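Going line by line, the protein sequences match chains A and B. To convert a position in the first sequence, counted from 1, into my numbering, add 397. Counting from 1, position 215 in the second sequence corresponds to residue 195 in my numbering; the numbering is continuous, with no gaps.
Mixed in with the good hints, there may be bad ones.
As the list claims (entries may be wrong) - Calculated Cβ distances over 10 Å to all of chain A for the following chain B residues: (1) Gly7; (2) Ile51; (3) Leu56; (4) Met82; (5) Glu104; (6) Gln116; (7) Asn143; (8) Asp157; (9) Gly161; (10) Asp166; (11) His176.
To be verified - Derived DSS-like pairs (lysine-lysine); straight-line CA-CA distance at most 25 Å: (12) B:Lys199 - A:Lys746; (13) A:Lys555 - A:Lys623; (14) A:Lys820 - A:Lys746; (15) A:Lys746 - B:Lys159; (16) A:Lys746 - B:Lys105; (17) A:Lys702 - A:Lys414; (18) A:Lys820 - B:Lys(-7).
These are calculated hints, taken from the structure and not from any lab test. Predicted, not measured: the structure shown is a model, and the values here were computed from it. Virtual Cβ for every residue (Gly too), placed ideally from N, Cα, C.
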Amino acid sequence: MLIEDVRLAFMNMAANKLRTFLTMLGIIIGIAAVIAIMTVGSAQTAENERQNSMYGVNTVSVNMWLKDGVEITEDTNTADLIPEFKESMLDKMVQNYADEIEAIAVQTYLPTGGPARPENSTNDRIYANCDVTGVNPGYFTVNKGMVPMKAGRVFSRKETVEDSYVCIVSDLLVKNLFDGDADKALGSRIDIPIASDEDSLDYTYTIIGVYGFSDMAGYAGVSSEKDISTTVYIPFKNAQALSTDPSAKKISNFDLTVIPGVDVIQFSDDLNSYLTSLLPADTNDQIYVYNNQEWIEQSNENMRKQTLTITMIGAIALVVGGIGVMNIMTVTITERTREIGTRKALGAKRREIRLQFITEAVIMSLLGGVIGIAAGIGAGIIVCHFVQHIPPVVSIPSVAASFLVSVGIGIFFGFYPADKAAKMDPIEALRYE
Amino acid sequence: MENLICLRNIVKKYYIGSENELEVLHGINLDIREGEFTSIVGESGSGKSTLMNIIGLLDRPTEGTYEMKGIDVDGLSDDELSDVRNRQIGFVFQTYNLIPRMSALANVEVPMLYARIPRKEREEKAQHLLEMVGMQDRMMHRPDELSGGQKQRVAIARAIANNPSLLLADEPTGALDSKTGQRIMDIFHRLHEEQHKTILLITHSQPLAEETERILTLKDGQIVGERVGSGSAGSADAEKAKISAKDVPATEKGDSSHKEAASFHAEHLGADKTEDAEDGIIFLELDDKGKMREEEAGHAD
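Just chain A, same shape as in the assembly (with noise of 0.2 Å):
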């Protein structure tokens, strides 16, 4: 019975094409919101835990801004606004934290000139495009995640306080300069120009260690991965002494990571105001400390908000659909009045008649749910490729529940047209014109 059931709905709806997908449009348009939706945010969500897994939720970025309304006159020096983390003040924290903080990371950019080359190359095609970042040997602790060494090692200490000339290159520029020999590529030295106020120098560095690019930014695809631009780490002071900006000159900003185990909520609290009693009581200056768990519970948050407020439009939409759903059962049903009256007078109960209708609304708000789990899956593909560039995700359990609320709106909507047309009186059926 139901397999004729399902049968005969599909020839009633191919024998009303335009009318049965207008009809299904709400429905599809619905699901499609919901599965779009879905499909971005589980892919948000998948970044965020690769993210989180690459950045470490140990860590914890601690920066010192300007108050707001700090009043800035002509007399004012600007760089006396720059904020600063001076030395006394972070080796206080340093002791203060002994039992929490594992490393320390700070780093300051340096613009550059042109690709960096080996040295006193004239081969224009060897070249490996780079930005250039002063940094201290925590640094490589603290994003043990995103920079991983690979070979050769991180500064020492005396390299980082003497402003030597030695740097950290990725694989990929070993790769381009080296054809990819990490043992050639340590201990060579490379020309890196280095832009100052008016045009660029070389800096000649020599190579200490290698660290495996990864591509957060998202280059591959976008340039050709010769061309990608990879980081060059040079030692922290060497940068502040080669750099001609003024705020290159301070700390402004640092991150660290806690050792595992630390309540790393309770402890950027903590240090916030650490930090702040630090201050001098007359500062312009003020803290903000922030961690990555923190970052990634409000980036959830925000994407819960935004899958709730999208459900909610495609709810509404299912509404307006499973509403269309409704009229156009009530309308098969008034112009198939004598088909009712035939079957009734040929034996048909009343449960068999509405078990009729009602799979024919089903089979509709499916079909329609079925296109809209497609395009939707489609849509978020585009989206997560196109706009986010991240992986997509489709939500699996999401695609379920769409089958199921399609499902749920051809029973729910078709059961009043359905009933309907099995409680008509035979004989009434029968006369219908």
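Keeping the supplied structure of chain A fixed, place chain B upon it in accordance with the hints.
Just chain B now, kept in the frame of chain A:
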């Protein structure tokens, strides 16, 4: 023979209790025996549709009792009535009432579907039934691809699908031209002759009624006359002879009915195939030339 249906003092009123209360049937008494081919003749407004709806269990009488095969059907629920209709009654309507968008075969399967007959059996039986009414070449055609006569044949096949006790035909030739109508009537005659179906024909046409065994005249909601039709001549048995002797003056049985009966016999035996070839196709048993079937299909209606 047993009484198949037994109606006693059937009264049907509409708008009960209101000012314009209308009594359509005024105490109908009617027995139909198994194997009888009966017709009810009446002008429009005589109440024959109402009576048919009651006999067909589509409607309930206001007063009176209705027994089918000795069982009182008054107390049955709507769904139980559906069941009785499904198994005991085959409907043939003036307007065919085939289900659109379904093939002839699928249409014939519908009553068997509701009787929960397995799919394979259903298909085989529907094929056989369509062959019986000469529709074997158009089984997969949908109603809108069939002529009126062809539609009515499919409808007859559908009506007998569950081998019902009573075949109820409401103006089955009303929408057909006389020639096609006659062919449909021939099918009923053969169902009666060969399968001993109990048939109740409801019509306003006297000539059609004349072909049946027993003619009841309905006027203003009452049965006003009963007589023997020419159909009884072909299969006369003692009981019918008794009725005819009792109810019908001998003069009413005119020469024409004898002639018709004679031709019916001749045709049945296949003697006048050349003259009346088209009629021969109605039953497979009589149809020995596929070509004739095609001719029939070609110019039907």
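Hint by hint, here is what the structure shows:
no., hint, in the structure
1, Gly7, "holds (21 Å)"
2, Ile51, "holds (17 Å)"
3, Leu56, "holds (12 Å)"
4, Met82, "violated (7 Å)"
5, Glu104, "holds (16 Å)"
6, Gln116, "holds (22 Å)"
7, Asn143, "holds (13 Å)"
8, Asp157, "holds (22 Å)"
9, Gly161, "holds (21 Å)"
10, Asp166, "holds (24 Å)"
11, His176, "holds (22 Å)"
12, B:Lys199 - A:Lys746, "violated (34 Å)"
13, A:Lys555 - A:Lys623, "violated (34 Å)"
14, A:Lys820 - A:Lys746, "holds (10 Å)"
15, A:Lys746 - B:Lys159, "violated (37 Å)"
16, A:Lys746 - B:Lys105, "holds (22 Å)"
17, A:Lys702 - A:Lys414, "violated (37 Å)"
18, A:Lys820 - B:Lys(-7), "holds (22 Å)"
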